[in-house]
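Protein sequence lines, in the order shown, are assigned to chains A and B.
Using the numbering used here, the first residue of the first sequence is number 167, and each one after it goes up by one.
Using the numbering used here, the first residue of the second sequence is number 602, and each one after it goes up by one.
Source of the hints: derived by calculation from the structure; they are not laboratory data.
Worth double-checking, as some hints may not be accurate.
[Stated by the list, open to error] Cβ-Cβ distance ranges computed for the label pairs, FRET-style: (1) A:Thr244 x B:Ile717: 49 to 57 angstroms; (2) B:Val604 x A:Ser295: 30 to 38 angstroms; (3) B:Leu629 x A:Ser198: 30 to 38 angstroms.
[As the list claims (entries may be wrong)] Facing chain A, from chain B, some residues (calculated, C-beta under 7 angstroms): (4) Arg623; (5) Thr624; (6) Arg678.
[What the hints assert, rightly or not] Capping the alpha-carbon separation at 20 angstroms, the derived lysine to any residue pairs in SDA-like fashion look like this: (7) A:Lys379 x A:Lys250; (8) A:Lys250 x A:Pro281; (9) A:Lys250 x A:Ser203; (10) B:Lys693 x A:Ile229; (11) A:Lys303 x B:Arg620; (12) A:Lys303 x B:Lys693.
Quick reminder that beta carbons are idealized off the backbone N, C-alpha and C, glycines included.
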Amino acid sequence: MIDYRPMPSAPSIVVDKLRIRRGGVIVLDDLSLAVASGRVTGLLGPSGSGKTTLMRAIVGVQIVESGTIAVLGEPAGTPPLRWKVGYMTQNPAVYGDLTVRENLRYFARILDAAPESVDEVLETVAMTSFAGRVVNKLSGGQRARVSLATALIGSPELLVLDEPTVGLDPVLRRDLWKTFNELAEQGKTLLVSSHVMDEADHCHDLLLLREGKLVATGSPADVRAQSGKQDLDEAFLVLINEEVE
Amino acid sequence: MSVRATFATAVRVLNQLRRDPRTIALLLLVPVVLIFLLDQLFHDRRQIFQQIGGPLLGLFPLITMFLVTSITMLRERVSGTLERLMALPLAKIDVLAGYALAFALLAAVQATLVSIVAFGFLGLHTQGPSWAVVLLAVSNAVLGMSLGLFVSAFARTEFQAIQFMPAFIFPQILLCGLFTPRAQMAGWLRGISDALPFTYAYDALSRATQRGLFDGRFALDLGVTIGVTVLALALGASTLRRRTG
Ligand SMILES: Nc1ncnc2c1ncn2[C@@H]1O[C@H](COP(=O)(O)OP(=O)(O)OP(=O)(O)O)[C@@H](O)[C@H]1O
Ligand SMILES: [Mg+2]
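Isolated chain A, as found in the complex (with noise of 0.2 angstroms):
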């Protein structure tokens, strides 16, 4: 297939000899990346590999050690920022005790979007028949989609979401991927985390941890090109496993 779309101007996010300790450990070392603008990027990796501390440094919410981070042009935390990039933990950060609705309105408020983005936004999670429900009522998997949703409100230019379809049942986990595309699409930078291998096939571009270190970049077939594997999840497992010998 032909990819009509026009060739990504700057990257979203250009990473520099970052290095970052997390209770006195180097938990990236020296790591450099850029992220495509208008594309969806899949951080991959085991468990403890680092994406959740990449991606807090890239909100800005971590400290860092050395090296810097450019986002959309800024340095990773300064507050115009705030507007433009949403977020999403891989813990729910949503307050328990509030309903949906007010969860939302209350981030909706916060970045100034209108009210009727709240319901937007539950469309597109699927959760708009619990809008009155209070989150600690909720299943896990319902929970981790509001705080998804709290990532989606005001429309931001780039989303970091942090393991946003864990918990999820196949027909959910393939509707949200093909909301992450629709959203590439409409200009909209995606960096997604899992380390459920078979997600990386709705990405365009991977990036691949281990152990704070990156040890593959390209699209799907680059990587099942690098490993001499079609499996995502044997590519993987080779392309980890040679870098440890």
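Model the placement of chain B with the ligands on the given structure of chain A, informed by the hints.
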């Protein structure tokens, strides 16, 4: 500082409280029950009731708001919602002012209710106007709130947060002049008493209720109370970190 974000936060905090009717009932009824007990306890010694009733009434909100705020803020830190807020276009002062607004409102209701009971039904007298007592109670509540906000940074669990109450509040109640006039205290105790914010909150209340004295010393009391509130808020703001390790 954004008025919109401040109000949004106040509404959110009030909504959270609304979802917890038992806490609201406790907040509103416990002071009423306590002042009634005091009334009965000093049935034959009205002098004592008149002497401590007024000041106690103005100190209830300080104590309850201290507790409620330190626990609410601790929950916000532990549940990850604070980290999420720090990635939004929301100034720290907006969070703090939103909390202050919500709890001041609650304190006003609490103080009004207990004032109606005490002045209207239990025959408590005040030399100054009764609204002055309510106003002092609200300003004390904001003081309690800002102290609670500050100490919540030093608690890791709700158990610890509750223990700050006997550690932080009880000594101040003992030394503020309620139990023993400050003039009768040993010099070193009076020295400590001079350094504690409760002393000034209590003195203002006792001047307003027993002597109707709005003199220079009253102004000093008020000045110290407001000064400590601002200081505790500033310290509290410094414990809200955008970036963490
Ligand atoms: N708060 C913390 N304090 C100290 N070390 C931490 C903290 N959080 C994470 N780490 C460490 O940092 C490293 C990277 O963690 P991170 O959460 O970024 O991994 P991850 O790739 O997101 O893992 P997962 O897939 O399990 O979410 C891990 O070794 C972890 O133990
Ligand atoms: Mg993670």
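>> Please verify whether Lys250 (chain A) and Ser203 (chain A) have alpha carbons no more than 20 angstroms apart.
In response: holds, 13 angstroms
Hint Thr624 (chain B) vs chain A: min CB-CB distance below 7 angstroms?
violated, 10 angstroms
What's the verdict on Lys250 (chain A) and Pro281 (chain A), does the C-alpha distance respect the 20 angstroms limit or exceed it? holds, 18 angstroms
_Hint check: Lys379 (chain A) vs Lys250 (chain A), CA-CA at most 20 angstroms. Holds or violated?_
violated, 27 angstroms
- Message: Would the hint linking Lys693 (chain B) and Ile229 (chain A) be met if the CA-CA limit is 20 angstroms?
- Response: holds, 18 angstroms
Is the interface hint satisfied for Arg623 (chain B)? The criterion is a beta-carbon contact with chain A at less than 7 angstroms. violated, 12 angstroms
- Would the pair Lys303 (chain A) and Lys693 (chain B) pass a check requiring their Cα atoms to be no farther apart than 20 angstroms? violated, 30 angstroms
Pairwise beta carbon distance, Thr244 (chain A) to Ile717 (chain B), judged against the given window 49 to 57 angstroms:
Because 51 angstroms falls inside the window, the suggested range holds.
Could you say whether the range 30 to 38 angstroms given as a hint is met by the Cβ separation of Val604 (chain B) and Ser295 (chain A)? Cβ of Val604 (chain B) to Cβ of Ser295 (chain A): about 34 angstroms, so the range 30 to 38 angstroms holds.
Does the structure keep Lys303 (chain A) and Arg620 (chain B) at a Cα separation of 20 angstroms or less? holds, 13 angstroms
- Query: Against chain A, is Arg678 (chain B) within 7 angstroms by beta-carbon distance?
  - Reply: violated, 12 angstroms
Next on the checklist: Holds or violated: the 30 to 38 angstroms window for the beta-carbon distance between Leu629 (chain B) and Ser198 (chain A)?
Outcome noted: This hint is violated: roughly 58 angstroms between Cβ atoms.
Violated hints, listed in ascending order, are 3, 4, 5, 6, 7 and 12; each of the other numbered hints is respected by the structure.
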